[in-house]
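Construct the entire structure; sequences and hints are all you get.
Now for the letters of each chain:
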Amino acid sequence: MTLADARAILPELRTSEADPEADNRALTRIADWCGRFSPWTAPDEDGAGAAFGGAGSIWLDVTGCAHLFGGEDALMREITNRLAGIGFTAYAALADTPGAAWAAARHTAYKRKHWTIIRKGQVRDAIAAMPVAGLRLAPATVAGLQGVGLRRIGDLMPLPRTALVDRFGSEVADRLDQALGDRPEPVSPVALSTPWHARRAFADPIGRAEDIAEAVRGLARELADTLEADGLGARRLTLALYHPDGTIARLEAGTSRASRSATHLARLFTAKLDRIEAAFGIDAIALTATVSEKLSPAQAALDRRHDHDEAGVAELADKLSIRLGGENVMQMTLQESHIPERAIATSLATARTRPVPAAPWRSGSSLQRSLSRPRPLRLLSRPEEVEAVAPVPDDPPVMFRWRKQVFRIEHADGPERIAPEWWNDGLGLLETELADDDVGREDGTGEDGTGEDSAGTAPGPGPSSIQDSIRDYYRVEDRRGRRFWVYREGIYSPGAQPHWYVHGVFG
Amino acid sequence: MPRLSGSARNRPLPPLKRGTGRSPAGLEGLKAQIRELEGFGGTLAEAKRPVLPFGVAEIDGHLPGGGLARGALHEIFAADAGIATAFCALLAGRLASDDGSHSILWCERPWALDAGTLYGPALLQFGIDPARVILVRTRRDSDALWAMEEGLHCSRLAAVVGEITNMSLTDSRRLQLAAEQTGVTALMLRPKTERPAPSAAATRWRLDAVEHAEKAGPGRNPAQANDNGTIFQAPPGLHTARWHAELFRCRGGTSANWMMEWNDETGNFSVAAEICDRPPVPSAARLAG
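Keeping their order, the protein sequence lines are chains A and B. Take the first sequence: its letter number 396 is residue 396 in this note's numbering, and every next letter is one higher. Going from the second sequence to this note's numbering is simple: count from 1 and add 507.
Heads up, some of the hints might be wrong.
To be clear about the criterion: a stretch of chain A counts as covered by chain B if any three or more of its residues have a C-beta under 8 Å from a C-beta of chain B, and this derived list gives those stretches [claimed, not checked]:
#1 5 to 12
#2 232 to 245
#3 379 to 388
#4 405 to 416
#5 468 to 480
One-sided excerpt, in silico: chain A residues whose CB lies under 7 Å from chain B [claimed, not checked]:
#6 Gly312
#7 Leu324
#8 Asn328
#9 Met330
#10 Met332
#11 Arg375
#12 Pro376
#13 Gly504
#14 Val505
#15 Phe506
Computed cross-link-like contacts, EDC-like style, restricted to lysine to aspartate or glutamate with a CA-CA straight-line distance of at most 20 Å [claimed, not checked]:
#16 Lys319/A with Glu657/B
#17 Lys113/A with Glu72/A
#18 Lys319/A with Glu656/B
#19 Lys272/A with Glu657/B
#20 Lys404/A with Asp621/B
#21 Lys404/A with Asp648/B
#22 Lys404/A with Glu384/A
#23 Lys272/A with Asp621/B
#24 Lys319/A with Asp621/B
#25 Lys272/A with Asp650/B
Calculated from the structure, these hints are not laboratory results. Just so you know, even glycine gets a beta-carbon here, dropped at the ideal spot from N, CA and C.
See below:
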């Protein structure tokens, strides 16, 4: 029927443009919202759209969930009632296979209730009477089947599969097998689903902060028990708070060390609960450990004192990260590099994969050598250029001007020559920090290039660029006793004005 | 009551010895009462409050209890950022190596001292394991103060260091109380201020570089000739670092100041007796160039 025909029949017809993308977004939101019934939900992407009459659907894997709501009937009633409560008319079907549920949801004659259940083992009988459109087939295929008199799914069942495939392609046979459970049909859930999950639904929405906090503590205890049974500890957690109006507030938290202490897990969230808008209350809460790690119970028993230290400090790091932001709570790791900026790396304190051994670098010989050299206690994030007066060719400055102050040098040690990493073609320089993967790529191309044309010689831009970026560091002390780490960039060449930089201050 | 720095600086060295035995009993009782009010619970000796000795008789003898009180707040004002940081790192490093737990919380605010960020490899010289430092970087004082207080509540830490620009008396009181509860020592690194606002810190220090005595003339060092044949003056090498540490407020004690010498190779420090006209002591095995 065309729009013109429809308007002729019903002049006051209200129309609006189809917006499939908005429909999909709404479906995804509803799927998300359905997380209150099962952690495993997904919008139906294959079976949605204009080809199927515009009706979208959502998958819920409710395996093992029904008893929480008082049985399958109660669960289905709850789902349809809740959806009606937030303004959607929904029909729900429960079956052994996704295909059968899809067919049943669309081709059941609903009367009073908006839901239907195909009991265990009754799929074949139940869908046999449904039209072939229930198999999620393209409209052309449905028309083709109807054209040869195959109107019901039951008509297809006795036919040999090879004949079906020859005539209509593999689609019909596949969908039929999926609906009957002879062929698996994987559906990926919208949210990462893990078995470490605890949820609680409330008969009436709760709104008091103390109630919510208490519920979170209860969930944390439940989750901690599950984790303990599996010998795991949580590293990342998500707390989902379901509002009655269909919105979901999610809080994320990480731990710097696998943990299954209920009080610790609860504290990760209770501090943040005041950010939750609970004007209409909350009618369900779910706590999920999205990332977990092995945490054997033996760890706690052996070497108790040390373990306790680690745990106390790790919990502190978590607490600080929650309030100040994870990127502001760091941990330092010494690196095997003679370049001052690269000798230290910071990583998130909460992202630490395992407890760091007491002093791993003390065995590293080259690292130890570079560390025995005096290093400034405070390093400027970027070397600052100074106007310096220095004898040529390579002496420490006798004075320099930095931040509008003049420093007259009385004592100096050095130079300590720090050259860029030769394997980086002079590119891995101190200002142009390359990411690790870039360095790796640089290595590869460098080898290829030299291998082909000029094996044995330094790579193309080698000598000059390396010489330009060599740094001669001096420790200098000015007349007032202040100590600085200054360097001259490049090797002295007559006529060229040397550049001096301040890079740090000593104690 | 904060003392003015001027009066403290003019005090003759070594500081006055306080005869405890000769004082009348009434006065001692009164002093104990005052200390109790100040939060130390009787005299330090009686309370057996743990202290961190400097290992230098002059300083330890002056500080009540024979060292820097643990479980207390100490403020270090940075007349020189590098030296004040070094002083903090030295104390934190000693606290960490004394304790079974080595972890240190360092609330860094590079904007507070405006002299760059803490450089991990240098911490090794102070006996601090960089991997055991939780480095917190905050923009606001209030966040850093909060982080410090949280750190002080965690008895697993050896020390909490914070770089703080402004702090109210209430803030310092909170930190002092938190430190007293768990026994974790709080060190506060503060930028140079002319008149520091009062605080509840147990000690307040000002760390500065030691100025060189004016030299008679430029010809002190032997001239050297380089390849080009020009003559230039090579400045002499660095000797042991010298710090001017001024203790301008000490709860249960008096103010004083010392010239400290810190040897970055051995990690020891001592009080320098004579500062003027002392020949520089070149430390052995410096960089050969």
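Going through the hints against the structure:
1. Given a C-beta distance limit of less than 8 Å, the hint that chain B covers the segment 5 to 12 of chain A is violated, as 0 residues qualify and 3 are needed.
2. Remark: the segment 232 to 245 of chain A is not confirmed as covered by chain B, as 0 of its residues place a Cβ nearer than 8 Å to a Cβ of that chain, below the required three.
3. As drawn, the segment 379 to 388 of chain A meets chain B at 3 residues by the rule of a beta-carbon pair under 8 Å; at three or more, the given contact holds.
4. A stretch counts as covered by a chain when three or more of its residues have a beta carbon under 8 Å from one of that chain; for the segment 405 to 416 of chain A and chain B the count is 8, and the coverage holds.
5. Given a C-beta distance limit of less than 8 Å, the hint that chain B covers the segment 468 to 480 of chain A holds, as 5 residues qualify and 3 suffice.
6. The criterion of a C-beta within 7 Å of any C-beta in chain B is met by Gly312/A, whose closest approach is roughly 4 Å, and the hint holds.
7. Satisfaction of the interface hint for Leu324/A is found here, the shortest Cβ-Cβ separation to chain B being roughly 6 Å, below the 7 Å cut-off.
8. Residue-level restraint check for Asn328/A holds (minimum Cβ-Cβ distance to chain B is 5 Å; threshold 7 Å).
9. Checking Met330/A against chain B: minimum C-beta separation of about 4 Å stays under 7 Å; hint holds.
10. Look at Met332/A: its Cβ gets to within about 4 Å of chain B, closer than 7 Å, so that hint holds up.
11. At a threshold of 7 Å, the smallest CB-CB gap from Arg375/A to chain B is about 4 Å, leaving the interface hint in force.
12. Among the interface hints, the one on Pro376/A holds; its C-beta lies about 6 Å from the nearest C-beta in chain B, closer than the 7 Å criterion.
13. With a cut of 7 Å, the hint placing Gly504/A at the interface with chain B holds, because the nearest CB-to-CB distance is about 6 Å.
14. Given hint, Val505/A at the interface with chain B, holds; its Cβ is 3 Å from that chain's nearest Cβ, closer than 7 Å.
15. Annotation: Phe506/A was flagged as interfacial toward chain B, and the flag holds, the nearest CB pair being 5 Å apart, inside 7 Å.
16. Taken as a hint, the Lys319/A and Glu657/B pair is honoured in the structure, with Cα atoms around 8 Å apart against an allowance of 20 Å.
17. With a CA separation close to 14 Å, the supplied pair Lys113/A and Glu72/A stays within the 20 Å bound.
18. At most 20 Å may separate the alpha-carbon atoms for a hinted pair to count; Lys319/A and Glu656/B meet this at roughly 12 Å.
19. Simply put, Lys272/A and Glu657/B have alpha-carbon atoms about 16 Å apart, close enough for the 20 Å limit, and the pair holds.
20. Of the supplied pair hints, the one linking Lys404/A and Asp621/B holds, its CA atoms being roughly 14 Å apart against a limit of 20 Å.
21. A C-alpha spacing of about 27 Å is found between Lys404/A and Asp648/B, which places the hinted pair above 20 Å, so the restraint is violated.
22. With a C-alpha separation of about 12 Å, the suggested pair Lys404/A and Glu384/A falls inside the 20 Å cut-off, and the hint holds.
23. For the hint pairing Lys272/A with Asp621/B, the CA-to-CA distance comes to about 33 Å; that exceeds 20 Å, so the pair is violated.
24. Between Lys319/A and Asp621/B the alpha-carbon distance is near 27 Å, which puts this suggested pair outside the 20 Å criterion.
25. For the proposed pair Lys272/A and Asp650/B, the alpha carbon gap of about 16 Å is at most 20 Å, so the pair holds.
Violated hints, listed in ascending order, are 1, 2, 21, 23 and 24; each of the other numbered hints is respected by the structure.
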